[in-house]
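Protein chains in written order, with this note's numbering: chain Z, 29 to 317; chain E, -14 to 285.
Check each hint, because a few of them may be wrong.
Claimed, not checked - Some residues of chain Z that are not near chain E, with every Cβ distance over 12 Å (derived): (1) Met75; (2) Leu84; (3) Gly93; (4) Thr154; (5) Ala237.
Claimed, not checked - Pair by pair, the computed Cβ-Cβ distance ranges are: (6) E:Pro116 <-> Z:Pro149: 48 to 56 Å; (7) Z:Arg302 <-> E:Met105: 47 to 55 Å; (8) Z:Phe72 <-> E:Ile263: 28 to 36 Å; (9) Z:Gly93 <-> E:Pro111: 24 to 32 Å.
Stated by the list, open to error - Where chain Z lies over chain E, by a calculated footprint (3+ residues, C-beta under 8 Å): (10) 35 to 48; (11) 262 to 269.
Simulated from the structure, these hints should not be mistaken for laboratory data.
Backbone N, C-alpha and C fix where the C-beta goes; we use that ideal spot for every residue, glycine too.
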Amino acid sequence: MTEESIFERMWKRRGLRAEIRAANALAVKQWQVEFAYPLSILWFIVMPFVFFIPSLIVGNAVAGGSESAYLAELAGTSDWLTYIAVGSAFTGLAISLMWGTGMAMRREQNVGTLETLMTAPMKRETLVWGSTLHNIQHGGLGVVLQLGVSVILFGVSLNVWGVLPALGIIALSIIGLQGLVFAVVCVVLLAKQAWMVVEFMSSFLFLVAPMTYPIAVLPPILQYISYGSPLTWSVEGFRGFLMGSLTGSALVTTVAALLVLDVIFILLGMALFRRAERYIRSKGALSQF
Amino acid sequence: MTELVKESQDRTTHDSSEYLESFKHRSMDWNAVKSFAAKNLRIAIRYPANFLVWGIMPIFWFAPFILMATAIAGPETSAHFTEISGFDNYIQFVVIGWFVFMYLDNSIWAIGNNFRWEQMSGTLEPLFSTPVPRISILLGAAISDTIQGTLQALILLNVCIVLFGLQYALIAILPTIIILTMMIIALYGFSFMLAGLILVFKDPSVLTQMITEVTFMVSPINYPVQALPKSVQFASYLVPTTIGIVTIREIAINGALDILSFSQALAGLGILAVFLWIVGISVFRYSEKWTKQRGHMGGF
């Protein structure tokens, strides 16, 4: 087979299967890059704990025991340790998606491979989905690691029957979060040195999400904003299933809210991305720093 | 035209050889320190929004801890927290922790990573070929970063005072300046060590993030030192900001200056400064030699 025919075949690749294979290749490539730096492996292992342990110490310092009567009033559970352990585990996954995927294009630009990737015979969105796939694997393993160690070392108690539904919530949450990620990618493509904007966006989203506290402690205006974020319903659903407290109307509300927000965010995100990407190419600004 | 080029080349050769002939190796070149500090400050001034953003952004980072403490202990003061820390206002307590932490964060992200930023800008190798001690370059960068960090920390403190209606004792100003100065000197040693490690490991995102998170975890920023396990408390005091936070909190919140404990804090920071400078400079020199021997200086 000649080299020319290989290229011709590559250009003829079409369909979902081809895009999935391309996304998978991008995810594998990112693993290879990460494993090329030995410190990355160490960071991958310790990261889930360094985000959780400070919250654990604060909780211990203010609660003075394993129960919190005030949290029971607000969230229906007095087990503050499990409450923050599950919430902060989800934080790790969300950070991985927002930062890892959001800044992926900038990293490609920094190493000089963005234009090459853009000319590869795949859809532009696949570039982002490939990075998302990697970060789901990366962040997902972090969630498993953190929750596993939290159960063994810190006495966190999880509802085993809630694991499968919680995975379903993660699947739903990825769609909505991907919409946010597309928005982040747009900012990165347009503003280039956009980490400050990304930092602000992600810090604000995490602040209004009920990661380690129920949204009832937020000022009313922030509570309204929180209801409009897919992150809020994702964390509530994930924690609700793992703590065995999500049943009846609360379950229906959470899943329905997440589904509606998924549709809104993914459509908006993809539309924004397509527009931003076309605009950048029309301006010839793809490789600009 | 050719004559002009020739004349220019002659002048350059003459000037450089005159400079090189009179060049004497010094362990510290204060002119270089001044030049690098001025150069970095000039770049920083071009982005004034950075000062404001980094002055306000930490509020987003510590607000979750305040909200979490409220959700667990309720809106009133936690009796357990007061018992172990000696303070009854959690927000007042945390803000001092973050004010001082800004210097630690700055020493890690800005000073420690300085050579990596130069590498990204493509100026690391020319910088390393200049006939000045590397420590002068680092110290210059450190001074400019300290000025920027101080501005950001002051913005944070003042915004928090207004936002949360906090009050601190005015008599704390002078002791705080003295403690901060000593702490910053100690932190420079810590930054030099990081700068050396980053020359070797290159990828700053992981190393820097890891060191930031670990030092953050062992520092009494959101909780008192007493909340840490005993073995970790010892590690905590190896980070210069711990003594800084504990001492400044005592004076700024309680409004009383105990000369004995203040002197002990200063002595502790002095010992740490000497220790960290010796370790920092040794690590940096070794890392530089190691990197050069492998021709790895410009490598990514």
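Checked hints:
no. : hint                              : in the structure
1   : Met75                             : 8 Å, violated
2   : Leu84                             : 10 Å, violated
3   : Gly93                             : 8 Å, violated
4   : Thr154                            : 25 Å, holds
5   : Ala237                            : 9 Å, violated
6   : E:Pro116 <-> Z:Pro149: 48 to 56 Å : 52 Å, holds
7   : Z:Arg302 <-> E:Met105: 47 to 55 Å : 31 Å, violated
8   : Z:Phe72 <-> E:Ile263: 28 to 36 Å  : 33 Å, holds
9   : Z:Gly93 <-> E:Pro111: 24 to 32 Å  : 60 Å, violated
10  : 35 to 48                          : holds (count 6)
11  : 262 to 269                        : violated (count 0)
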